[in-house]
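Sequence order for the protein chains is E and Z.
Counting in my numbering, the first sequence runs from 1 upward without gaps.
Counting in my numbering, the second sequence runs from 1 upward without gaps.
I should point out that these hints are in silico values taken from the structure, not numbers from a laboratory.
Backbone N, C-alpha and C define an ideal beta-carbon position, used for all residues, glycine too.
Accuracy of the hints is not assured; some may be wrong.
[Claimed, not checked] Each computed SDA-like pair below joins lysine to any residue, with the alpha-carbon atoms no more than 25 Å apart: (1) E:K19 with Z:T244; (2) E:K131 with E:D47; (3) Z:K282 with E:D22; (4) E:K401 with Z:I328; (5) E:K243 with Z:E156; (6) Z:K76 with Z:G37; (7) E:K304 with Z:K300; (8) E:K171 with E:T96; (9) E:K488 with Z:D340; (10) E:K447 with Z:Y337; (11) E:K602 with E:P513; (12) E:K556 with Z:L101; (13) E:K391 with E:Y563; (14) E:K243 with E:P429; (15) Z:K243 with E:D22; (16) E:K488 with Z:L96; (17) E:K495 with E:D607; (18) Z:K243 with E:P373; (19) E:K495 with E:L403; (20) E:K493 with Z:L101; (21) E:K391 with Z:R124; (22) E:K416 with Z:R199; (23) E:K425 with Z:G136; (24) Z:K162 with E:E478; (25) E:K243 with E:P107; (26) E:K45 with Z:G271; (27) Z:K184 with E:E380.
[As the list claims (entries may be wrong)] Across the chosen pairs, the derived CB separations fall in these ranges: (28) Z:I91 with E:K493: 22 to 30 Å; (29) E:Q298 with Z:D332: 41 to 49 Å; (30) Z:K300 with E:G379: 16 to 24 Å; (31) Z:K300 with E:K532: 42 to 50 Å; (32) Z:R235 with E:G379: 15 to 23 Å.
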Amino acid sequence: MNILILDSWLRDYLITNAKAQDIARCLSLCGPSVERINKINIGGKVDYVYDIEVTTNRVDMMSVWGIAREASVILPEFGFKAKLKKPALQKYAKLTKPLPLKISINPALTHRVMGIVIDNIKNRETPKWMKDRLTASGFRSLGALVDITNYVMTEIGHPTHVFDYDLITTKQFVLRESKKNERIVSLENKEYKLPGGDIVIDDSTGQIIDLPGIIGTKNSVVNATTKRVLLFMETNDPVRIRKTSMTLGIRTVAATLNEKGVDPTLSDYALSLGVSLFQKICHASVASNVIDKYPKKQKQNIVKITHAKIEKLIGTHIDKKRVITILSSLGFGMKATKEGYEVSTPSWRNRDITIAEDIVEEVVRIFGYHNVPCTKLSGEIPDKPTDMPFKFEMAVKSILKELGANEVYTFSLVSKTMTVGNELKLSNPLGSDHSFLRVSLLPSLRKAADVNVAQESNFLLFEVANIYIPSKGNLPQEKMTLGGIFVKTDYEKAKGVIETLLDKLNIPYVFHPTDAHGFKAGQRLQVLTNRKYIGFFGVLMDNSIYFEFDMSLLKKFSRNATYKPIPQFPAHIEDITSIVPKNTYIGDLMDGIKHASNQITKIQLIDTYNDAFTFRIWYQDCNKTLSDEDVRKIRQEVVKYLSAKHHVTVKE
Amino acid sequence: MFENLQNLKSEAIAQITQAESVNDLEEIRIAYLGRNGKLTKLIKELTSLEIKDRKQTGLLINDVKKTIETALNTQKQQFCDTPKTWFDPTIPGSKLQTGSLHLVTQAIEEISNVFESIGFVRSRYPEVEWDWYSFGSLNFDPLHPARDDWETFFIEAKDHPKFGRMLLTPHTSSGQVREMQAIKTPPIRMINIAKCYRRQSDVSHVPVFHQFEGLVVDKDISIAHLRGTLDYFARSFFGPSRKTRIRPYNFPFTEPSFEVDISCDICKGTGLIKGHKCKLCKEGWLEIGGSGMVHPNVLKAGGIDPTVYTGFAFGWGVERVYMMKSGIQIPDVRLIYGTDLQFLRQF
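Could you put together the complete structure from these sequences and hints?
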């Protein structure tokens with residue numbers, strides 16, 4: 001959560017010679033992170049607004065006072081003078097004729113409640129100085145009565161509320177658990193149906209008059225004619241506050257603070273400040289005794305830690321005296337033990353500090369992370385598993401890159417229109433475009449290709465990413481998959497790229513035509529190696545060509561190149577032109593030629609013209625140079641095979 | 001005659017060596033070897049010599065002629081030019097259409113190389129996870145906001161009786177306990193680089209992104225080791241001119257926890273671009289990600305005794321880290337997941 005704090009306001013509590021920029025820098029290094037400082041002009045005076053990110057565990061710092069307290073400890077570490085001024089505590093005289101006020105709580109829901117009635121409100125105008133401070137902190141001025149509560153909250157860090165005392169005829173405030181479907185109307189005139197189990201304030205008749213810690217309701221809110229208010233602050237069970245606030249979608253500053261667990265001891269200071277502001281600005285007077293319900297005072301946490309542990313975890317030497325100074329200045333109670341310390345937490349750190357490591361954090365952040373040495377890891381280096389796929393994946397990508405392909409990363413989430421039906425569905429997608437986990441890279445790659453269709457002539461996009469195959473009662477199977485799409489590319493060229501990829505990976509392959517949805521009939525091939533399916537490719541309806549391989553299978557069948565002896569005897573190479581009948585699979589035909597003799601070592605298709613196909617054939621024997629007579633015999637075998645199996649005539 | 005020839009030879013060689021172009025050389029050739037050239041004239045005079053001298057002089061003339069011709073050719077080759085064929089050396093080359101590897105791939109490769117060089121072993125863990133691995137075992141409070149529907153993507157599936165809801169892991173930290181369970185006994189030095197998912201999309205966030213997670217568990221691992229490791233990475237990856245800092249933060253799975261920042265490359269660490277606030281960073285610093293000492297509860301969840309072992313972990317965004325690398329200058333992280341070839345081919 002980010003808070004905006006005015007430099008001049010901070011200095012009400014922090015007496016220091018550090019400049020705003022110094023404060024920002026030092027705080028960021030050892031405490032809350034000051035993300036920005038904005039220079040502003042207030043009434044002709046230069047001021048600065050700190051935009052501070054306070055982590056959720058440090059609700060104690062989400063206020064002017066809280067930041068001042070941190071800064072008072074941190075700044076001296078950087079050589080600045082810094083002193084913290086504590087907020088004032090009022091003394092309330094016991095009234096002889098107080099206005100009636102009764103508050104009752106359920107200790108399981110509410111830790112502490114304080115309330116006081118303020119009478120004779122005269123002035124509803126917010127003074128300029130307060131308006132300026134609130135505006136700088138991001139609040140809209142809504143009149144003195146509400147502004148005072150926001151001011152108290154920002155300064156002390158305790159959410160504060162005012163009721164119009166006269167609107168509550170019973171003068172009774174009962175904090176209870178809501179029933180399901182009870183309704184409230186917020187001060188913004190919006191009706192909410194409560195989920196049940198929320199903390200509400202009832203006026204003892206069953207009528208809800210407030211959603212405490214979250215938002216005020218219309219029936220109790222102060223207005224232009226309000227004469228008397230009940231100034232009220234309570235600390236409730238943070239878990240319930242968060243649940244209600246999130247379920248109803250009411251995210252007020254008060255709710256954000258309350259759900260983090262505000263320190264109940266702050267109520268005293270908040271009430272005190274509130275009363276004094278009403279007196280000062282509205283010339284009001286106190287009209288009731290203070291009601292304070294605090295049945296179960298919180299206990300301090302005691303954490304034991306050895307000095308050795310502190311030094312071991314930080315990795316450097318630190319004086320015992322320094323440890324004690326740091327922790328004491330942060331408000332911790334310190335008791336030295338034989339080996340270390342018994343540390344008791346201040347009230348505002350009770351929720352946050354529970355184990356020894358928490359104490360180390362406090363010590364080392366004030367000591368300064370920048371003062372911790374950079375030590376190289378020593379010790380045993382773990383063994384590397386041999387079956388990791390990373391190198392292989394990189395090799396595949398590099399080959400494709402060499403072949404002119406461009407790698408893309410697309411979202412693994414796809415829209416309903418891109419699904420085939422068995423995808424896992426998100427229960428809370430960000431939008432309908434990204435609501436299913438893909439089971440193929442095809443839809444994403446097709447979309448990726450579309451982006452470029454107008455601009456580019458021919459191209460190949462590819463991606464290596466997981467697809468997610470649902471598995472009953474278990475996590476889906478995450479299959480690392482290679483997908484690629486050729487656009488405006490000649491079929492033979494595309495197939496050549498796939499063949500080259502497989503060749504480079506030393507994977508033997510055969511192709512097997514199998515139709516599938518989305519591909520042109522008869523224009524899709526399965527890729528098999530050792531009779532096992534490893535992937536497919538084919539022509540899509542829009543003439544782009546898509547391929548997909550299972551990466552784990554590619555890796556499994558890929559071999560390192562092995563040395564084959566270079567043939568000692570030269571090959572006899574000749575071109576044969578054949579007239580091939582229509583509808584002949586040339587791939588099968590070439591396979592047939594290759595297998596016609598084991599002295600045929602290689603065959604290539606080098607030219608086609610209508611039904612004439614010219615093949616270049618390598619005749620070679622590893623034991624001798626083939627004679628013309630030898631070649632003639634092999635050629636005869638080839639011709640015999642071609643005419644018998646494929647009715648092909650060979651042109652002489 | 002004899003002397004004339006020697007002089008002629010010297011004179012020709014001198015002129016040839018001083019020639020400035022192929023045209024000059026052609027002129028010299030004509031002047032000496034042309035039909036009315038100086039040497040040709042001498043050859044013509046040969047008949048006027050006495051017979052006994054003719055043979056000797058003839059040999060010498062040949063020698064001179066050859067020498068001049070050789071010199072002319074040698075010099076001509078030095079000019080590397082052919083006067084008669086037009087050649088345009090300024091014509092553009094025809095470039096090959098090469099492919100490209102995605103920025104994220106390049107980033108992952110660089111990052112893993114840096115960590116592998118100091119003994120980290122790369123692992124991979126599920127992207128679709130159970131709540132327990134992503135949150136429960138990592139010491140997240142049952143009501144931690146990250147477990148909310150508006151921060152993490154959940155899958156419509158039956159809850160696991162032991163591990164809870166099925167979700168898209170929002171960080172690589174879900175690999176921590178899986179790694180501990182796999183290795184059982186430290187030392188652990190793992191680097192897990194993977195896809196993560198968060199319900200957010202703006203100038204510096206995309207719902208699907210990559211993180212790299214480092215985990216070290218051993219005896220006596222300290223904050224100093226964490227600093228040393230991060231420092232090594234920063235220097236190796238970003239170069240010596242970039243600055244990093246660590247500052248306090250809060251994560252459930254580390255204690256103490258830190259945030260690591262690097263000086264912004266877009267605004268050069270000033271926080272300003274042409275007088276306006278840099279849109280990407282905070283006052284010149286860009287947060288790379290979190291780190292910290294592994295929380296004892298996390299070690300326990302992974303079956304490792306926290307009284308014997310300590311460790312540190314860090315989880316950083318791959319895209320962010322790469323964007324901050326000098327020279328890339330990408331102002332919007334969403335660009336990275338675009339598929340425009342004009343973008344892809346730049347890298």
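Okay, the hints, checked on the actual structure:
1. E:K19 with Z:T244: Since the Cα atoms of K19 of chain E and T244 of chain Z sit roughly 23 Å apart, the hinted pair holds (cutoff 25 Å).
2. E:K131 with E:D47: 15 Å, holds
3. Z:K282 with E:D22: Roughly 16 Å separates the two Cα atoms, so the pair holds.
4. E:K401 with Z:I328: 21 Å, holds
5. E:K243 with Z:E156: 22 Å, holds
6. Z:K76 with Z:G37: 19 Å, holds
7. E:K304 with Z:K300: This hinted pair holds, its Cα atoms lying about 20 Å apart.
8. E:K171 with E:T96: 18 Å, holds
9. E:K488 with Z:D340: 16 Å, holds
10. E:K447 with Z:Y337: 12 Å, holds
11. E:K602 with E:P513: 23 Å, holds
12. E:K556 with Z:L101: Roughly 23 Å separates the two Cα atoms, so the pair holds.
13. E:K391 with E:Y563: It holds: about 22 Å lies between the C-alpha atoms, which stays within 25 Å.
14. E:K243 with E:P429: 21 Å, holds
15. Z:K243 with E:D22: 19 Å, holds
16. E:K488 with Z:L96: Distance of about 18 Å is within 25 Å: holds.
17. E:K495 with E:D607: Answer holds: K495 of chain E to D607 of chain E is near 17 Å, not above 25 Å.
18. Z:K243 with E:P373: 16 Å, holds
19. E:K495 with E:L403: 12 Å, holds
20. E:K493 with Z:L101: 21 Å, holds
21. E:K391 with Z:R124: 13 Å, holds
22. E:K416 with Z:R199: 18 Å, holds
23. E:K425 with Z:G136: 23 Å, holds
24. Z:K162 with E:E478: 21 Å, holds
25. E:K243 with E:P107: Given pair K243 of chain E, P107 of chain E holds - Cα atoms ~18 Å apart, limit 25 Å.
26. E:K45 with Z:G271: 24 Å, holds
27. Z:K184 with E:E380: 15 Å, holds
28. Z:I91 with E:K493: 22 to 30 Å: 27 Å, holds
29. E:Q298 with Z:D332: 41 to 49 Å: 47 Å, holds
30. Z:K300 with E:G379: 16 to 24 Å: Because 22 Å falls inside the window, the suggested range holds.
31. Z:K300 with E:K532: 42 to 50 Å: Holds: the Cβ-Cβ distance is about 44 Å, inside 42 to 50 Å.
32. Z:R235 with E:G379: 15 to 23 Å: Since the Cβ atoms of R235 of chain Z and G379 of chain E sit about 21 Å apart, the hinted range of 15 to 23 Å holds.
The structure agrees with every numbered hint stated previously.
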